[in-house]
Every structure is written in structure tokens, then in C-alpha cells.
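K.L.:
Protein chains in written order, with this note's numbering: chain A, 379 to 725; chain B, 364 to 736.
Derived by calculation from the structure, the hints in this document are not laboratory data.
Nothing here was measured: the structure is a model prediction, and the numbers come from that model.
Errors might be hidden in some of the hints.
Part of the chain B face toward chain A, derived, beta carbon under 8 Å [what the hints assert, rightly or not]:
#1 530
#2 536
#3 537
#4 539
#5 543
#6 609
#7 711
#8 713
#9 728
#10 730
#11 732
#12 733
#13 734
#14 735
Here are the computed distance ranges between Cβ atoms for each label pair [what the hints assert, rightly or not]:
#15 A:436 <-> B:653: 54 to 62 Å
#16 B:443 <-> A:687: 36 to 44 Å
#17 B:390 <-> A:698: 37 to 45 Å
In this text, a Cβ means the ideal position worked out from N, Cα and C, and glycines have one as well.
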Amino acid sequence: MIAHFDLDAFYAAVAQLDDPSLRGRPIAVSGDHRRSVVLTASYEARPFGVRSAMPLYKARQACSELVVVPPTFTRYRELSRACFAIFESGSIAVEGLSLDEAFVEFDAEEFKEAVEYARRMRERIRTEIGLTASAGVAMQKMVAKIACDDGKPDGLKWVPPGTEAAYLAPLPVGRLWGVGPKTQQRLAAERIETIGQLAELSDERILRLFGRWGRELRELARGHDDRKVESDRETRSVSSETTFEYDVADPGDLRRTLHELSADVAQRLAAQQLRGTMIGIKIKREDFTTVGRQTTVAEPTADLETIVAAALLCLDRADLEGRAVRLLGVRVASLVEYPTSQLSIFG
Amino acid sequence: MKFTCSTKDIAAAVGAASKIVNAHSTVPILSNVLLTSTDDAIRVRATDLEVTLEHVFPGEVSEPGSVTVPARLFSGYLGNLPPGLMELNGTPTRATVKCERSNYDFHALPPDEYPPLPSTQKGTTFAIDAKRFREGINATIFAASGEEARGAVLMGTLLEVAGDQFTMVATDGYRLAKWQTTLSRPLEDEGTIKYIVPSRALAEAARNLGGAETVEISALGPAGNQLAFAAQHTSIVVRLVDGQYPNYGQVIPAQFDRSVTVNTSALIAGLRRAELVAGDRASMVKISVANQQLIITANSDTTGNAYEELEVEQTGDDLTIAFNARYLVEILNHVDAPQIKMEFLGPLSPAAIRPSDESEGVRQMYVLMPLRQ
Chain A
379 MIAHFDLDAF
389 YAAVAQLDDP
399 SLRGRPIAVS
409 GDHRRSVVLT
419 ASYEARPFGV
429 RSAMPLYKAR
439 QACSELVVVP
449 PTFTRYRELS
459 RACFAIFESG
469 SIAVEGLSLD
479 EAFVEFDAEE
489 FKEAVEYARR
499 MRERIRTEIG
509 LTASAGVAMQ
519 KMVAKIACDD
529 GKPDGLKWVP
539 PGTEAAYLAP
549 LPVGRLWGVG
559 PKTQQRLAAE
569 RIETIGQLAE
579 LSDERILRLF
589 GRWGRELREL
599 ARGHDDRKVE
609 SDRETRSVSS
619 ETTFEYDVAD
629 PGDLRRTLHE
639 LSADVAQRLA
649 AQQLRGTMIG
659 IKIKREDFTT
669 VGRQTTVAEP
679 TADLETIVAA
689 ALLCLDRADL
699 EGRAVRLLGV
709 RVASLVEYPT
719 SQLSIFG
Chain B
364 MKFTCSTKDI
374 AAAVGAASKI
384 VNAHSTVPIL
394 SNVLLTSTDD
404 AIRVRATDLE
414 VTLEHVFPGE
424 VSEPGSVTVP
434 ARLFSGYLGN
444 LPPGLMELNG
454 TPTRATVKCE
464 RSNYDFHALP
474 PDEYPPLPST
484 QKGTTFAIDA
494 KRFREGINAT
504 IFAASGEEAR
514 GAVLMGTLLE
524 VAGDQFTMVA
534 TDGYRLAKWQ
544 TTLSRPLEDE
554 GTIKYIVPSR
564 ALAEAARNLG
574 GAETVEISAL
584 GPAGNQLAFA
594 AQHTSIVVRL
604 VDGQYPNYGQ
614 VIPAQFDRSV
624 TVNTSALIAG
634 LRRAELVAGD
644 RASMVKISVA
654 NQQLIITANS
664 DTTGNAYEEL
674 EVEQTGDDLT
684 IAFNARYLVE
694 ILNHVDAPQI
704 KMEFLGPLSP
714 AAIRPSDESE
724 GVRQMYVLMP
734 LRQ
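Model the full assembly from the supplied sequences, consistent with the hints where possible.
P.N.:
Spelled out as C-alpha cells, the structure:
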């Protein structure tokens, strides 16, 4: 289950967060040169027609009260990292698209559970950081993103499994991934304006129009999108897991395995000079259901004993009640780089 | 086979040999030591197929032959015998020991299954003072890598002979130890000879050969891929590491532009205290040199701040540089001198550490890479 998160008018919202006098006023984040363009417009500026990528002079013409603030990228990165840390905790993968946009994959047994996770993340972003994020929850990336856009600003929309095609059907084809102005023109010439119409095209017609690529497009239109959340976790988490040859129920065996997996994780953290504060385990039970448990430590760590202790704590919390386990994994996330690095003699 | 010997002699020999034995070997015979009686000497041998140790001690042999017994068990037993004489009677399947009024039977394995000694065909041979050699081993091998993942070459220690110069080098890529002495008899017409020796074999050599006067070091076998260290009663044969040792000469700066001379034990004590505070930050301590003073600082959000001030003899510009305190202390612990000299080029360049006054006949130096903050 996947959520797409998008921080609402991120640059502008950061300016309003840091300077309360800007709240409620139409602002544009932009350089202040004659040829500058608007990077982000606050929601207050949008009714005036102020949009991203609009030349600044035009924006000023459109909205005489427009307050122009310069971008502060260090601050954006800082707040973006804080938001990503929230995405990281309680998810199994995070794919950042930009500073203010990410796909987050949840490990939930039921869809409504994933919606609840997304709701909580939005809440944390609001209370802990002071920004608003819109989110869309679905089984597929594209549907999640479209739902997120539909919910903007400050909204949460979800598309339960099985309802994707119906949700997409009335939307204009331009909302589909991969449908740019040219494709849209060709579709318009065939009188295809909604995603639903595209979804119903016959094999023959779709092939004639777009060749093989057309089929993929039609699959998307039907709400079929098997693209995975490509975790950029090389730097965001380090994990190690193992699938047992036989299901294992013995607590001693499970503890030993957690120890080995933790050792692997600790070693890799050290090798990459990383430390993390979130330590979690993943368990796939004999009936293939998956549970995750996690805990956080105060100081970023790569220390084996700390990781093992946390992993064992998570195992206790998983309440296996003697049920057998197929797969066990250990993960350390919310990573920070070592404050120092040992230089090497041989470069 | 049958012999009589002193319980002390055999306990020492088997005790040393049992340290070579790999406790986790899956080949049963490799858990055993081989005892061989010939003429009037008894030999005890153990091997893990990489390192072989053989110890000879005197005894009265009434029947030449061999027996193999489990190393740990036998060593434990011998260590608990009273001083005196014992008699050992060996067959392919059994070793019987009589000592005073105790009588023990140990299960044995057939001695002909024991791995044969590596080739005894000697190649290049040179000799070194045993005590010196042990000093060299102690001064270098600690700096070798302990991580198998980084490869056998860095886990080894380089032995280099050129004429009368004998050099040992060990490095894990972060620090480097170099120790050099002059051989009393130069090795002629051989150019520069290099051996990469597994560091643990050198640790065994230091432990077992230090009591002798000289150690003879010879290449063994037609390919010269084994090295033998032989002293009066003990010899160690080791399989050399195959590979190219990093060109250490290239990474040691030829010149430094600033230095401090400082009391070794005061520096060690200061670093140890500071390291306690630095503990959770990769043991990072900062060393600042200015106004003939060396200041050690460390800090951590969880533990607090450390500040240590030492009087030093400073030459050249001021400097602030960060080190892993553990590495630095380990190096200082191996410099046997009341004063050390640290030399620098800059905060991100290798630093050199050496005794401020060189002891006779030995040149010792260490290179340590700093931490980038």
C-alpha cells in the first residue's frame, strides 16, 4: 500500500512558517531580478492567477499585494529532512521525488490501516514541523499521486483496492502519467478525453494509435500500475533479512538470528559511516502475514549491542505466541552520517 | 613409541602447540598434536595448515615412534601434573601416561594421518637477534588489519630484507607501523626480498622464539611460499600471503613542516581521559598545538567536554588536527621511549609519530591518518 505525500506550497509555506507576518498574505517565492520566475506561490496568491514558473513581473501585475520572498534552500532541506524522517518511521520504503514530494510504502495488513498511517504522518507534519502535507493512498503509485493532487491543499484522499478504474474513469486523460500535450492532442483527435475512455479502447485501436506503448498506457488508465516504490534507502536505512528454510518458532533460534542480522546491519552501518536512531524488525509469519515493530534510541547508533537489544525488544513486542516465522529482518533507519570520518592512508 | 621426560618440559611444549590448534576444525586430526620420539629428543607439533609449530625437548627415548593426542585435553592434563618425570607409551590408537601414581589412557588417532611437515628445502636464509625480532613484531603487528573483509594482505605484516636492512611494516589503511633494524650479517646478492606473513604467525613467533639467541628465517619449498622461523628448540613454519603489499614508501611523507616533542606517558594519560568523553563520537579527540602547548579536547552531547593541556616543544606553525584517540593511544603504547615526536603537515595529512631519541640499532615510526571533522 502506497501513499503519495506532497507538502502544500512548500517554499511559500516555509516562508510563512518562519515569518508569521506573512501568514494569510499572497506571497511568491522568487529571486528578485527582472527576469525571475515564481518558484512557488502561496495558496493566498493563487486566486489572483499567480502560478509557479510565471515571470515575476507578470505575477506582480496579477496581484498588486504580492509579497516576494527569496528562496532559502538550506532551510528547505532542513525541513524536508524532518518530513522524510517522519515518512521513514513506520514505513517500509520511501522514494523521494523532490524536497517536498515522496512515495511512502506501508506494511499494512488492511487498506484502512494504511490510510490511518498516512493520516498520522500528516498530523505529525502539522504538529511537529508546522507544515501541511496532502496525501493520497492507493495500491499503486500513480493512483496515489492522482488522489493526492485531488486532495490538495491539506487533504487526504484514498482509493480502496478494486475502485481504481472507477476513480480514474471521469478524469481527463492528461492526468495520466506519460500523457503529455502531444499524446493528449492525438487522443483528442480520436475524441478520447477521459481516462475511462482510454481504458475501454480495443487492442486493435490502441495498437494502431500508439503501438505497444499504448497497451501500457491503457493498463495505467485501468488503474494497473505495478511500479514499486524505489526506496532511496542506500542512505536512509540499512537492513538485513533472511527467509528460513523451515518455519522457525523457537524463541532461541529467533533471537540468535536477530543477533546475526543485527551484526550484519551494524557492520554495514560502520562501513558506510552511518548511524541511525530507528531500529525495527520485520517478521513474516507462517501464514505470510507480515508484522513490523520498531523502536527509537536517543543517540544515533551503529553499535551492535544497542541494535540487538532494540531488535530483541521489538521481537518481544511482536507477540508471536509461539507462532512460526518464515522471514526475519532487522532495519536501522533515520540515519545520520558519522560526525567524523577516518581518513585512509591509501586514499 | 615410548619415552620418559620431565612433566614441565612436555607441558610447556604441548601448551604452546595447543595454541596453534584451531578449536573449530572439522578435521579431527587437526585438533591433535603430534608427538614424535627420535634418538633422545621428543618433538611436539601442531598445525592449522597455515601455521605449523614444532617444539623439541629432551627425554629418554626407549622406543622411537609417533602418537597423536587431542591438543586441548592433553595440554590441560599435563598442566595439572606435579613437577617430576612421566612416561608416555604410544600406539596408533592410544597414548598411555604414567606419572607417579596416576595412570591415564588417551584416545589417539593414527600418526600417519597427520599432515606432513611443509617442505624442508631451504631457500634464502638470514638470521636476526631473537630479542630484537620480538621487539619488531610487538612494535608492528598491532597495526595490521583484523578485518577479513579487507583481505589477507593487510592482515599480514611485511618483512623486507635488503642487504643488512631488515624492515617490518604493518598497516590497516588508517595507521601504519614501520620498524627497521640492521642485520649483523647482510644478505648479499639477493636484492630486496619481501614476505607478507600472516600477523598471527608472527604473534606465535614472538611468544615462542623470544627466549632464544637468534632466529633463523628461511624461505621454504620450491616456490618459496613458506617461511620458517627457527630457534634453538622451536620452529614455526607459515604459509605466506600471496599478493602485493601496498607501496608504503609512497604514502609516508618525506618531510613534515611542524612538530611537537612531548612526554609519552603524559600524552597517553591525557588521551585516555579525553577518549572517555569522546567515546560515542568515533573516539574523536582534537589536538591543538600553539604557544609551546598541546591541548587535547573532546566533547559529546551525552557525556560532556574534555580539556587537557600539556607543555611541549613545538617547531613550525600552529595546528589543530583530529584523531581517533584509540588509534593514537595504541601507537603511543608501542613506542618504548619517554619522549615522542609527532610531526605534521596539516589537519588532513598523515602525521608521523616516533621516539624523540632513537634507541640504538632500531628505527621505529608510525603514520596515523587524522579524522575529517
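K.L.:
For each hint, tell me whether it holds in the structure or not.
P.N.:
Verification of the supplied hints:
1. 530: For residue 530 of chain B, the interface hint is violated, since the closest Cβ of chain A sits about 17 Å away, which is over 8 Å.
2. 536: Result: holds, 5 Å to nearest chain A Cβ.
3. 537: 5 Å, holds
4. 539: 6 Å, holds
5. 543: 18 Å, violated
6. 609: At 6 Å from the nearest chain A Cβ, residue 609 of chain B passes the 8 Å test, so the hint holds.
7. 711: Result: holds, 6 Å to nearest chain A Cβ.
8. 713: 7 Å, holds
9. 728: 13 Å, violated
10. 730: 7 Å, holds
11. 732: 4 Å, holds
12. 733: 6 Å, holds
13. 734: 4 Å, holds
14. 735: Check passed: Cβ of residue 735 of chain B comes within 5 Å of chain A, closer than 8 Å.
15. A:436 <-> B:653: 54 to 62 Å: With a Cβ separation near 58 Å, residue 436 of chain A and residue 653 of chain B satisfy 54 to 62 Å, so the hint holds.
16. B:443 <-> A:687: 36 to 44 Å: 40 Å, holds
17. B:390 <-> A:698: 37 to 45 Å: Holds, at about 40 Å.
Comparing the model with each earlier hint shows violations of hints 1, 5, 9; every other hint is respected.
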